[in-house]
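Trainee: Letter by letter, the chains look like this.
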Amino acid sequence: MLEDWNKRGDLVRILVARNLKIRYKGSALGFFWSLLTPALTILMYAIFAHILKFNNGQPRYLEYLVGGIIIWGFTAGAMNDALFCIVGNANLVKKVYFPRLILPLTTALASGVNFLLTFVPLVLYLALDGGLDLSRGYWLVPAFVFQLALCTGICCFIGTANVFFRDAQHIVGVGQLAWFFLTPVFYYPEMQIAAFPAPDPLKFLVFLNPMTGVLAMYRRGLMGLELIPREWAAAVPASSVWLSGLVCLAALAAGLAALNAGNRKFGDVL
Amino acid sequence: MSEKDDRTVAIEVDHVTKRFRLSDAGRSLKAAVLDRVMRRRAHEFTALDDVSLRVYKGETVGIVGANGAGKSTLLSIIARTLTPTSGSVRTHGTVSSLLELGAGFHPDLTGRENVMLYGSIMGIKASEMRRKFDEIVAFAGLESFIDQPVRFYSSGMYVRLGFSVAVQVNPDILLVDEVLAVGDADFQRRCMDKMDEFRNSGKTLLLITHDLNTIRRIANRIAYLSHGRLAGLGDPTLVTDRYMSDSVMKESMVVDDHEWGEQSAAHFTSAAFVDPKTGEEKTKSADCPTDDPVFRLRWHADRRIERPVVGFAIDDSISGRRIFGGNTQISGHEIPFIEGDGSIDLKIDTSTLQVGEYIFSFSLHSWDHKTNYHRLEHTLLLRVQNRKWFDGLVSLPVSWSGPNPPET
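The listed protein sequences correspond, in order, to chains S and D.
Note that the working numbering has the first sequence beginning at 272, numbered continuously upward.
Note that the working numbering has the second sequence beginning at 442, numbered continuously upward.
There are no misleading hints in this set.
Short, incomplete list of chain S residues facing chain D, as computed with Cβ under 10 Å:
(1) D281
(2) Y368
(3) N534
(4) K536
Below 27 Å or equal to it, Euclidean Cα-Cα: the simulated DSSO-like pairs (lysine-lysine) are:
(5) D/K573 - S/K292
(6) S/K365 - D/K498
(7) D/K723 - D/K788
(8) S/K292 - D/K566
(9) D/K573 - S/K278
(10) S/K365 - D/K566
(11) S/K278 - D/K566
(12) S/K365 - D/K635
(13) D/K498 - S/K278
To spell it out: a stretch of chain D is covered by chain S in this simulated footprint if at least three of its residues, at any positions, have a beta carbon under 8 Å from a beta carbon of chain S; those stretches are:
(14) 523-537
(15) 547-558
Worth flagging that the hints you see were computed from the coordinates, not collected in a lab.
By construction, the Cβ of each residue, glycine as well, lies at the ideal position given by its N, Cα and C atoms.
Modelling step: build the complete structure from the supplied sequences, incorporating the hints.
Mentor: This is how it looks when you write it as structure tokens:
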């Protein structure tokens with residue numbers, strides 16, 4: 272599955288560009304939507320947060336929330352695109368041979384490129400609002416790498432599953448919502464750790480949810496927040512975030528295995 | 442094939458079998474789980490059955506066969522878009538393919554974007570593709586449409602661009618499925634020129650077509666697929682002849698018991714091989730397990746017919762040439778009369794026949810040959826195998842003596 276990768280650079284580039292192009296196909300503003308959508312999202316939350324006063328008395332809750340939503344958007348976007356990364360390219364898969372991994376990989380990469388674009392208005396907003404703290408910005412590197420690995424694994428797995436079982440799209444929709452609530456996107460990690468049904472020495476297992484660790488790393492890098500909330504720092508070691516990293520890599524491995532297993536029958540079924 | 446083994450192999454198909462599970466496509470999870478729980482056996486369809494084939498570098502090989510014989514499946518397996526159920530395929534060199542009339546275009550992308558995409562799939566650098574680009578577009582004759590999404594293309598335009606790009610990426614091996622069937626006369630001629638050029642530059646071409654005249658002209662060898670099996674491989678004329686005689690025979694089998702002469706006074710009810718071990722009667726075709734197969738002819742006569750004659754004829758399936766014919770009268774085996782149901786056995790010594798397939802016809806007529814009651818045309822196929830090698834159609838009894846002493 273991995274042969275000839277030196278020759279595949281152009282193909283990866285072209286397919287990533289195509290995925291991005293199709294996303295904004297026929298729209299007048301094109302790529303600007305990648306910048307505009309998050310900017311408008313931020314504006315929307317700012318307005319309604321002001322009107323409804325839903326900041327729970329927490330300082331900088333709005334920044335926390337918007338950051339979380341934009342970071343979550345990378346994973347959610349990859350999950351949605353994953354469904355059709357193979358089924359939607361049936362004409363290619365049936366007629367030319369190339370390593371099939373290219374399809375989920377470029378889908379995840381396109382989602383990643385789109386995310387990096389949405390990152391721009393987020394950073395601008397945080398800078399304007401005074402919440403930006405890039406002194407530990409190096410955390411952004413493992414955060415992005417692990418999230419990209421996770422998304423590639425998800426794309427392989429969901430893309431393959433959708434070839435064989437068309438129910439996948441419904442399951443993905445519900446699963447994504449459940450995962451969203453299990454992840455500290457709009458609430459704080461201390462609430463997640465407190466609610467996690469395990470004795471204190473085992474509380475670190477909340478990081479089995481890969482997005483828990485990924486979000487903690489992003490928030491550390493962007494806003495300087497602690498990896499582990501202060502009140503849990505004694506019970507949960509900071510190194511637990513690497514557990515999430517490991518789960519991301521495991522998801523990648525599982526996705527590759529699923530793709531490899533399904534690969535033999537793509538031509539038969541599509 | 443052993444005498445050619447020093448040549449470079451371009452495509453090696455090794456005992457490839459492909460089975461499709463008819464229930465796999467677009468299943469719901471519920472159906473999949475139910476099948477598993479109920480242990481329902483999926484309905485399987487064997488598209489290719491133990492096919493082995495070697496194509497040498499620089500060769501042009503045609504694939505012929507009826508619809509559903511497995512031609513496209515074989516090409517897809519060589520192109521690696523399908524994986525064989527068992528067996529393996531090896532290709533040496535870059536492979537470009539035109540399967541089911543398309544190179545694999547994305548309908549939403551423009552012709553230009555699709556050409557660049559195809560090039561990158563073939564592992565060609567974008568800079569090199571840009572150099573070839575004008576030539577590709579010119580060959581397809583699509584200059585004014587190249588920046589339109591291919592979803593607006595007519596089927597002819599689609600095929601033209603597909604063929605153009607598949608050839609211009611300059612592969613070592615080109616696989617083409619029925620491209621000659623589409624496109625106008627001008628494009629077909631340019632396709633042929635292009636393929637000639639391709640072959641002359643020492644490249645390998647594997648071609649599916651129903652155009653037997655063309656394929657005979659351009660192919661070095663032809664593979665004939667029948668019901669997923671390789672039914673013939675070799676000389677273009679011989680193999681296409683066999684393919685044609687097979688399809689003719691299949692047709693005549695359907696309408697074979699047309700009656701002529703005196704209507705329905707007597708007719709054959711069956712013609713069959715008698716299995717020497719089980720005594721079972723096989724009415725379609727048979728491998729010849731013995732050198733003296735027995736045929737059983739059954740008839741029904743509405744009234745008493747005095748001294749009828751039963752005749753037979755054996756034709757070579759490839760050339761259609763009559764190999765041998767005879768009847769009960771010539772053999773001196775007089776049938777006094779027939780009335781109602783009856784049967785007769787005919788044993789033929791086939792040990793002198795060449796390896797091949799032979800078609801049998803039978804007739805029932807009067808002693809004076811003036812009344813023909815029934816004729817079964819091309820009704821049975823006999824397959825002769827396992828012969829000591831000899832040249833020609835029949836092995837005649839020979840004996841040698843000598844060497845003779847020098848004459849003085």
